[in-house]
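S.K.: Line by line, the protein sequences give chains A and W. Numbering-wise (this note's numbering), the first sequence opens with residue 491 and increments by one. Numbering-wise (this note's numbering), the second sequence opens with residue 182 and increments by one.
Keep in mind the hints are simulated off the structure, nothing from the lab. Just to be clear, a hint being listed does not mean it is correct.
[Said to hold, decoys possible] To give a feel for the contact side, a few chain W residues facing chain A, derived at Cβ under 10 Å:
1) G213
2) M220
3) K251
4) A253
5) L256
6) K260
7) M266
8) V338
9) P344
10) I435
11) V446
12) L449
Glycine included, each C-beta is placed from N, C-alpha and C at the ideal position.
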Amino acid sequence: MMKRLNILILLGGDLVLKKSLVVILALLIAATALAGCGQKPAEQGKEEQPQTEASKILRVGVMSNPPKLDPVFATDTSSSRVIYQIFETLVDYDNEGNVQPLLAESWDISEDALEYVFHLRKGVKFHSSVAGEPTANGGREVTADDWIWSFNYILNPDTNSPRAYFLDMIKGYEDYQEKKTEQIAGISKVDDYTIKIELDYPFAPFLSILAYNTFNVLPKEDVEKHGTDQFNFHPVGTGPFKFEEWIQDDKIVLSKNENYWAKDENGNQLPYLDGVEFGIVTDLAMQWTEFGLGNFDIIEEVDDPYYNEAKEMPNFIERAELGTYYYGFNLTMAPFKDNKPLRQAFNYAIDRQGLIDIVKNGRALPASGALPPGMMGYDENIEPKYTYDVEKAKALLKEAGYPNGIKVELTYNTSDAHKRIAEALQAQFKKAGIDVSLKNIDWGALLDAADRLEVPFFRMGWVADYPDPDNFLYVLLHSNNIGPNGNYTGFSNKDFDEITMKARIETDPAVREELYKKAESIAREEAPWLFIYHYTTHGLAQPYVKNMRVPFFGAYSLKYTNLDIEK
Amino acid sequence: MLNYVIRRLVGAIPVLIGVIAVVFILTTIVPGDPARIMMGQRGNPETIAKIRHEMGLDKPLSIQFLDFMKNALTLNLGKSYRNNMTVVEAITTRIPVTFKLAFFAIVIAILVGVPLGIISAVKQYSWIDYGAMFFAILGISAPVFWVALLSVVLFCVILGWIPGTGTGNGELIYYVLPSIVLGLRPAALIARLTRSSMLEIVRQDYIRTARAKGLSERVVIMRHALRNALIPVVTVIGIEVASLLSGVVITEQIFSLPGIGRLSVEALTNRDFPVIRGVVLFMAFIFVLANLIVDLSYPFFDPRIKYD
């Protein structure tokens, strides 16, 4: 007791200590002052607004700070997730992936499928405010002129939208890109509420591409006021929510668009929610913890360790996604060049279901081809079906000229998830005499190497931009697209090219389906990929979140228009 | 004194230029094209070329470097490739969070580390000494991410004392846990160093003289021993301030604090060269500044040190 007292005396009462206390006090005052630095001047004066019982703010946990809220430049899902709430396209998809009206109430397609006439919805208004300030457009109605301007702006070569080329089938696209014309010839106004789009050639997935979230209507006044750079931080659209605040790496706040055009089936104004707050939490373990604490209403990524627990929750939804996880064989270099048996041997050497059960927690579907289930042209009966067959793999290896096995290096982009999969497959390959060494590089480096067809065996994956087999088979395997356009294997097959090209311009769905089945069959037979699995997508919401769903296109594309909170 | 400060600041300029040069070279030789990454997995080659041109990546390296240096002199560090925000804005909007975090962490480290070190030294080989040094070893050895996750489970989930991640509406409570986690290692280091430094000092002749004068133990320790013992400690604190800036990378990531650490991780992943260069330059400047402040504080602890 005495000793403890001595220490206390030792530390107290002295002049030096008084000085120290002054220093500590000064530090604390400085800390408090510093704490104020983070607040914006407007916030400093403002009283903390208590959330009233009636206010319905949906708190969504997301993994990354989106780079772009300007849809013209966004290319990633983290940006799209927010963009879907602020902006709107002519058409979108229902929950099963069928194209449905959005800002176009209806449309007519000419018999030759070269002319699309869109009848625009009346009474659609741009947001009247952004980040608490009135918008330059003043909340006016959207007319045909806005659509003409928006398409011309997005496709303008000076705008340089990374997704403009998705619409390269529109008449006059090339001339406009080469600046030979002032406006794109194929898009014209019929009247204030009707626009016409003409194509150079029939293109079956055209409507699906118009649903892609680059091709929204934009208010000219606001784009011009803020300029291309700053519109990203002042996004103005027609969607159910208006942009309010974006604290980088922390949160994005949206508020209800009071003038939104849509009503529910009972005539109630949509959206039901008063606002949305996206909380950016990069660590998935922390995100899960926050959800458990009730600090998030929705999370869109449940990591493997928590999957079994999440699965039992009432508002957990999981479904197949239009995507395929694969390893590409480089067909322009040894050992896979001109060696189909070798590529097939690899495909027979892996136990997909085992991998999915053990590594993926059962959250995927085994892939035997490029097209995912749910996509036109997918048919599980198409041969060959790559089952797990070590003996067959060994026989094919022998046929391929590698009776004593083969050594090959797999390049994958650095991530724990990819590593777990690569290691599991490495062990499986060994049983068939295939010795795979693993090399991880980061995503940018892998893209570079794949673009230049420099790596023999590499990881890739693909989730559809639009729900059409064209976006898989033509984009990823047609010889026109070898390199950065999507065909990283260098696969070039005359029959395949012809069929996929024909299917692009065919308008009869039944004929198209048959063509894609044929193309898929060639892809399976030629095996330019090690087909691994098809993705699933999921979302988890608190039980009090009503009308929760996971769109077929992926949880990130969920629009919160008719979501509600009923506590 | 003023001359010395000016001399040091001028001397820092070549250091900063050197840092920029090294970072510039490193960022340009790593594989991975920022224009390509921006395009997503599928990229139209013409558009990629246009974006490269817009970013100035198609210019020769030497020209890119000179352009960058020229602009850096006017604090124009360019714009983020990722979201068009100016680098200066990207950094300044995140400085408050990182500074608060680092500041609280170092205050905690000093308030915990120095007294623990003193007590351990004064009560050498007592249970307090053993306990404190056990804590110190633990603090130095435990990885930051592990401590962070465990503390979240304990204080946020089980006890519910502290809200979870993020910064809420700027409330200080959100900084408590990250600051303690971040301050743990420097606290342990400071405790160990203060202890050993004190042990050395209390065996000096002048301490014996002080005791012989009949001064109380309290005065001997606090006035005569501690001041001298703190010189190496202050040096370490200076170094720790700089190393805290790297510690914030992990802490900010786990606690989702929107600071410089998160910014740098994001910039590195996306090959956002202007932001990477800006952040490194900023950190180098803080390092130089922290060392200068440490050097300037020596005369306070040891009047024999003078800067003329």
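S.K.: Next step is simple, just say for each hint if it's right about the structure.
M.R.: Each hint, compared with the structure:
Hint status for G213(W) relative to chain A: holds, with the closest Cβ pair at about 2 Å, below 10 Å. About 5 Å separates the beta-carbon of M220(W) from the nearest beta-carbon of chain A, less than 10 Å, and the hint is met. A cut of 10 Å between beta carbons decides the hint on K251(W): the least distance to chain A is about 21 Å, and the hint is violated. Violation of the interface hint for A253(W) is found here, the shortest Cβ-Cβ separation to chain A being roughly 20 Å, above the 10 Å cut-off.
Evaluation of the L256(W) hint against chain A yields a violated restraint, the C-beta minimum of about 18 Å exceeding 10 Å. For K260(W), the interface hint holds, the least distance from its beta-carbon to any beta-carbon of chain A being 7 Å, beneath 10 Å. For M266(W), the shortest C-beta to C-beta distance to chain A is roughly 8 Å, which falls under 10 Å, so the interface hint holds. Nearest Cβ of chain A to the Cβ of V338(W): about 6 Å, under the 10 Å cut. The hint holds.
Below 10 Å, beta-carbon pairs count as interface contacts, and P344(W) has one with chain A at about 7 Å; its hint therefore holds. Residue-level restraint check for I435(W) holds (minimum Cβ-Cβ distance to chain A is 5 Å; threshold 10 Å). Taken as an interface hint, V446(W) checks out: its beta carbon lies about 8 Å from the nearest beta carbon of chain A, inside 10 Å. For L449(W), the suggested interface contact is upheld, since its CB lies about 9 Å from the closest CB of chain A, less than 10 Å.
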